[in-house]
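Participant: Residue numbers (the working numbering), protein chains in the order written: chain A, 1 to 106; chain B, 107 to 491.
Worth flagging that the hints you see were computed from the coordinates, not collected in a lab.
Hints may be right or wrong, so weigh each one.
[To be verified] Pairwise CB distance ranges, derived in the manner of DEER restraints:
1. A:LYS91 with B:THR260: 39 to 45 Å
2. B:LEU209 with A:ASN42: 42 to 48 Å
3. A:LYS91 with B:GLY451: 46 to 52 Å
4. A:LYS91 with B:ALA386: 41 to 47 Å
Built from N, CA and C at the ideal position, the CB exists for glycine as well.
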Amino acid sequence: MSAPQPVLASVRPAQNPLAAWREIDGVVVVISPEDSILHELNPTAGFIWKHATGERTTEEIARLLADEYEVDAVTALADTRDMLAELAAKKLLRLETPSAGEVSRG
Amino acid sequence: MASAAVMDRLVARSLAGNAPLNVHFDVTYRCNERCVHCYLDHADHGEMTTAEIKRVLAELADAGTLFLTFSGGEIFLRPDFFELLACARKLRFDVTLKTNALLITEERAAELRRLGVRRIQISLYSADAAIHDAITKVPGSFARTLEALCFCHTQGLLVKISCPLMKQNIAVWREVQALADSLGVTFIMDPTISPMMDGDRSTLRMRLAPSELLPVMQAPVFDSPAPAPAKDDAADMAAAFDNIPCSAGHNSLYISPYGDVYPCVQLPLPTGNLREKSFAEIWYGSAQMRRVRNVKESDLAICNDCAIRQHCQRCPGLAFMEDGDLGGPSQRACELAEAAARIAGVRDPVSGLRALGRLHATSNSHPAQLVHIAALSTPQEREAL
Chain A
1 MSAPQPVLAS
11 VRPAQNPLAA
21 WREIDGVVVV
31 ISPEDSILHE
41 LNPTAGFIWK
51 HATGERTTEE
61 IARLLADEYE
71 VDAVTALADT
81 RDMLAELAAK
91 KLLRLETPSA
101 GEVSRG
Chain B
107 MASAAVMDRL
117 VARSLAGNAP
127 LNVHFDVTYR
137 CNERCVHCYL
147 DHADHGEMTT
157 AEIKRVLAEL
167 ADAGTLFLTF
177 SGGEIFLRPD
187 FFELLACARK
197 LRFDVTLKTN
207 ALLITEERAA
217 ELRRLGVRRI
227 QISLYSADAA
237 IHDAITKVPG
247 SFARTLEALC
257 FCHTQGLLVK
267 ISCPLMKQNI
277 AVWREVQALA
287 DSLGVTFIMD
297 PTISPMMDGD
307 RSTLRMRLAP
317 SELLPVMQAP
327 VFDSPAPAPA
337 KDDAADMAAA
347 FDNIPCSAGH
357 NSLYISPYGD
367 VYPCVQLPLP
377 TGNLREKSFA
387 EIWYGSAQMR
397 RVRNVKESDL
407 AICNDCAIRQ
417 HCQRCPGLAF
427 MEDGDLGGPS
437 QRACELAEAA
447 ARIAGVRDPV
457 SGLRALGRLH
467 ATSNSHPAQL
477 VHIAALSTPQ
487 EREAL
């Protein structure tokens with residue numbers, strides 16, 4: 001498998017609509033539509049997953065993560081980008097391409 | 107992370123917190139087949155409407171249900187079925203379908219895939235069209251089901267052939283398995299033949315005697331049933347199931363087309379109706395559901411004194427349905443346990459009910475047959491059956 005591509009801060013990640021998932025007893029589990037593997041997300045990944053609705057940018061999700069876990073913005077953004085890249089590599093997420101205007105601002 | 111270990115932890119968590127992880131939802135009892143062993147009343151006595159089912163699905167999603175099985179009756183007889191399916195997928199359930207597939211066209215198979223249905227279980231009773239059609243009482247059903255099965259497989263759905271075992275097809279199950287292998291789909295046999303929902307026990311005439319069933323159940327195809335818990339999570343899983351008979355009412359349940367909620371499709375103990383109460387009210391508040399959850403393995407007085415307990419696969423639902431006691435022994439389980447113990451080499455095994463002088467045959471088994479089986483001690487001899 002090729003290395004995950006870097007995720008732009010302006011990208012709006014969206015859950016793969018073919019994936020099934022639930023949060024049960026505080027733990028998010030996701031079933032991959034590609035290979036039927038059941039994934040258990042750690043709390044950080046679960047937090048990012050729940051906010052990956054296609055409406056927020058990576059940067060906005062990172063800000064929410066920073067607030068939730070009281071980490072600095074740079075660390076939160078790096079963690080968010082890494083996690084989104086990993087989830088996208090497993091085809092659990094789609095990374096919506098930002099418009100040209102958004103890229104220039106990102 | 108290994109999927110099996112994740113599943114073990116998920117099941118353990120859901121059992122511990124009574125999260126309704128698995129739901130079996132019959133959306134209709136109507137059917138376009140008339141299978142000889144079927145326990146359902148196929149008349150429509152007021153199925154839930156599209157809006158009612160959508161509301162229930164939303165409540166289930168909120169409560170934490172992940173694995174949703176749509177079954178029946180024949181699910182595709184509901185004109186709104188694809189609408190219900192789309193709703194379920196939008197709510198991110200992992201959906202499995204159980205169907206005879208008669209109404210699945212190439213286009214419909216593609217639509218199932220597009221909607222994100224992952225698994226489909228299709229009933230097939232024989233690789234011989236005449237036997238299959240005689241069981242379904244629908245001429246041509248074998249050919250139609252097989253064609254639809256191929257449509258689904260071609261679309262990439264995980265197809266499983268389900269073969270209920272009964273008098274009519276006990277001699278031909280290997281051919282069904284061979285057919286499944288040749289098609290590249292999975293295969294399960296189901297030996298459970300239940301009384302009809304109205305209590306009519308005529309379907310039990312089709313039920314196999316232990317002497318007929320056990321050699322089949324010991325065939326290699328049954329050597330790997332449910333995957334064993336992954337090593338690191340075995341303790342969690344074992345603890346979760348430590349003192350409960352099964353998952354019914356703990357993390358799984360059944361919903362009828364009329365909105366009745368039961369702990370299991372095989373445990374017809376009404377716990378509430380979704381037209382009158384919310385799902386959460388029933389699941390968390392029903393006295394009957396609590397009654398089921400309060401049945402502990404350690405409380406099964408007769409079973410705990412049984413000398414051949416390790417050979418028993420008692421089902422609380424069948425015990426309730428056939429013997430009237432959720433926490434009591436089951437005639438069928440005692441019969442099968444004795445036969446299994448004989449095959450395992452136990453001489454003159456005595457089940458809990460026999461010890462009390464209360465065991466009577468629930469099928470056409472009789473002592474002569476059981477002795478005959480006991481004498482066939484080698485795997486080759488049993489295989490020859």
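Participant: Does each hint hold? Answer for all of them.
Facilitator: Structure-based check of all given hints:
A beta carbon spacing of about 21 Å between LYS91 (chain A) and THR260 (chain B) contradicts the range 39 to 45 Å that was offered as a hint. Separation of LEU209 (chain B) from ASN42 (chain A) is about 43 Å and conforms to the stated range, judged on CB atoms against 42 to 48 Å. About 51 Å separates the C-beta atoms of LYS91 (chain A) and GLY451 (chain B), a value consistent with the hinted range of 46 to 52 Å. Between LYS91 (chain A) and ALA386 (chain B) the CB atoms are about 34 Å apart, so this pair departs from the stated range of 41 to 47 Å.
Figure legend: structure checked against the earlier numbered hints; hints not met, in rising order: 1, 4.
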